[in-house]
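**Q** Protein chains in written order, with this note's numbering: chain A, 1 to 156; chain B, 157 to 404.
A couple of the hints might just be wrong.
Derived DSSO-like pairs (lysine-lysine); straight-line CA-CA distance at most 30 Å [to be verified]:
no.: 1; chain 1: A; residue 1: Lys98; chain 2: B; residue 2: Lys259
no.: 2; chain 1: A; residue 1: Lys142; chain 2: B; residue 2: Lys293
no.: 3; chain 1: A; residue 1: Lys98; chain 2: B; residue 2: Lys227
no.: 4; chain 1: A; residue 1: Lys108; chain 2: A; residue 2: Lys98
no.: 5; chain 1: B; residue 1: Lys203; chain 2: B; residue 2: Lys293
no.: 6; chain 1: A; residue 1: Lys98; chain 2: B; residue 2: Lys203
no.: 7; chain 1: B; residue 1: Lys259; chain 2: B; residue 2: Lys293
no.: 8; chain 1: B; residue 1: Lys259; chain 2: A; residue 2: Lys142
Each pair of labels, with its calculated beta carbon distance range [what the hints assert, rightly or not]:
no.: 9; chain 1: B; residue 1: Ala351; chain 2: A; residue 2: Ile127; range: 41 to 51 Å
no.: 10; chain 1: B; residue 1: Gly380; chain 2: A; residue 2: Ile127; range: 33 to 43 Å
no.: 11; chain 1: B; residue 1: Pro260; chain 2: A; residue 2: Leu149; range: 20 to 30 Å
no.: 12; chain 1: B; residue 1: Glu390; chain 2: A; residue 2: Thr97; range: 21 to 31 Å
no.: 13; chain 1: B; residue 1: Lys259; chain 2: A; residue 2: Leu15; range: 34 to 44 Å
no.: 14; chain 1: A; residue 1: Asp91; chain 2: B; residue 2: Arg389; range: 47 to 57 Å
no.: 15; chain 1: B; residue 1: Arg328; chain 2: A; residue 2: Thr97; range: 39 to 49 Å
no.: 16; chain 1: A; residue 1: Ala129; chain 2: B; residue 2: Leu326; range: 49 to 59 Å
no.: 17; chain 1: B; residue 1: Leu326; chain 2: A; residue 2: Thr51; range: 19 to 29 Å
Simulated from the structure, these hints should not be mistaken for laboratory data. Backbone N, C-alpha and C fix where the C-beta goes; we use that ideal spot for every residue, glycine too.
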Amino acid sequence: MEPADVAGEFREYNLAYYDGSRRRVLVTDIETPFPEGKLIVSRTDVAGVITNCNQSFVEMSGFSEAELIGQPHWILRHPDMPPAAFKDLWDTVTRGTKWNGYVKNLRKDGGFYWVYATVVANVRDGIIAGYTSVRRKPSRTKVREAEALYRTMNQG
Amino acid sequence: MTLQFTVSPDFPADRISGWYIFNTWMQRTLGTGIHLEIYNDFGAQRKAIADDRVDLIYANPYDAAMLVREKGFVGVARPRGRSDEVVVAVSAAGQVIEVEALKPGARVVSTDDPDIEMMGMILLEPADLNRQNVERKVCRTYVLVAKALMNGEADVGFFLADAYAKFSPLIRDSLRPLVTSQIHVVKHLLLLGPAARQHLDTLRNGLLAMADDAKGKSMLDGLGLDVWEAVDREDVEFMIDLIDTLVE
């Protein structure tokens with residue numbers, strides 16, 4: 001992330017990912033509301049690299065489609081999200097089981113948006129060929145609960 | 157062997173003759189007998205599918221998973237540009253102006269159209285509503301759903317967006333739409349079962365050419381469709397995966 005892409009004052013974090021990658025992210029407190037009536041849809045290969053996404057994904061992430069395709073899905077990872085949540089996601093979907101959860105995503109401009117995310121394995125001829133992730137508008141009650149839970153998890 | 161054809165029961169009642177004409181066209185195109193069976197509701201149609209009494213179906217997207225993954229159906233074609241979208245609406249006489257104002261215990265009215273019910277319940281989630289904390293009422297038609305709202309018998313209703321758009325001004329003025337889905341990928345589609353598999357290419361080619369002449373266009377008009385587009389296996393599997401993320 002580059003300061004020129006970020007809107008307003010920001011904080012800087014260094015994130016480490018499960019695949020050993022590291023990334024500097026710049027974060028603001030600006031929330032983008034979830035678009036009414038829409039779903040954010042993306043698909044990845046088995047390694048979590050984005051292969052398809054819809055227009056709502058592009059608009060909410062702040063990236064262009066060309067910037068997203070071919071990138072690891074952790075490009076959206078917000079530092080407030082506990083790593084254990086994503087470990088649970090991957091442990092679940094690699095077993096072929098559906099995963100649901102409330103996720104705070106990071107935008108290219110350093111802002112964030114909350115979603116209720118569901119991820120399913122794309123099973124073709126008995127083999128997991130990739131994953132489909134669909135995010136929908138979350139209730140604010142559930143977002144507040146998730147904020148409190150993730151804060152506690154990050155402190156622990 | 158006579159093939160068995162059926163149509164998702166949510167088709168508009170004024171299109172029934174169009175589907176019988178379409179069935180006659182399929183018989184001529186495929187050179188085989190085809191019986192069109194119209195079921196009154198989704199329950200009766202699902203029983204027929206479970207009993208292997210369906211070979212061709214213009215299917216509701218909600219039922220595609222069962223047909224493809226359990227019964228071995230394959231996608232033939234779908235109407236281009238016609239996705240199933242839902243309008244969530246309340247009575248215009250009430251105070252509710254946004255989904256978040258609805259409360260647990262809300263009385264929800266819809267038809268038995270399964271994809272519209274599924275998407276409608278998702279659009280109520282921001283109000284912390286779910287199947288366990290609402291009261292459900294099912295009506296036979298969207299006009300009756302509207303009447304239930306207008307008469308105060310329900311607090312919120314789900315409508316197929318195409319049906320809502322065709323309401324008279326009198327009905328529309330009595331309702332207040334809170335949100336309309338823009339999902340775009342949930343679509344009805346024509347599926348063909350294992351017993352009819354040898355007809356796949358002939359049927360698909362005939363459907364794709366249907367809009368090329370006046371007679372075909374007239375038949376499409378009779379169905380309320382514009383043009384067919386081919387679907388491949390991955391198109392159908394993607395829609396099923398997406399719907400899988402939306403069901404509990």
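**Q** Work down the list of hints and note, for each, if the structure agrees.
**A** Against the structure, the hints:
no.	hint	in the structure
1	A:Lys98 <-> B:Lys259	28 Å, holds
2	A:Lys142 <-> B:Lys293	27 Å, holds
3	A:Lys98 <-> B:Lys227	22 Å, holds
4	A:Lys108 <-> A:Lys98	28 Å, holds
5	B:Lys203 <-> B:Lys293	22 Å, holds
6	A:Lys98 <-> B:Lys203	27 Å, holds
7	B:Lys259 <-> B:Lys293	16 Å, holds
8	B:Lys259 <-> A:Lys142	15 Å, holds
9	B:Ala351 <-> A:Ile127: 41 to 51 Å	27 Å, violated
10	B:Gly380 <-> A:Ile127: 33 to 43 Å	39 Å, holds
11	B:Pro260 <-> A:Leu149: 20 to 30 Å	22 Å, holds
12	B:Glu390 <-> A:Thr97: 21 to 31 Å	22 Å, holds
13	B:Lys259 <-> A:Leu15: 34 to 44 Å	40 Å, holds
14	A:Asp91 <-> B:Arg389: 47 to 57 Å	29 Å, violated
15	B:Arg328 <-> A:Thr97: 39 to 49 Å	43 Å, holds
16	A:Ala129 <-> B:Leu326: 49 to 59 Å	51 Å, holds
17	B:Leu326 <-> A:Thr51: 19 to 29 Å	48 Å, violated
When the structure is compared with the earlier hints, violations turn up for hints 9, 14 and 17 and for no others.
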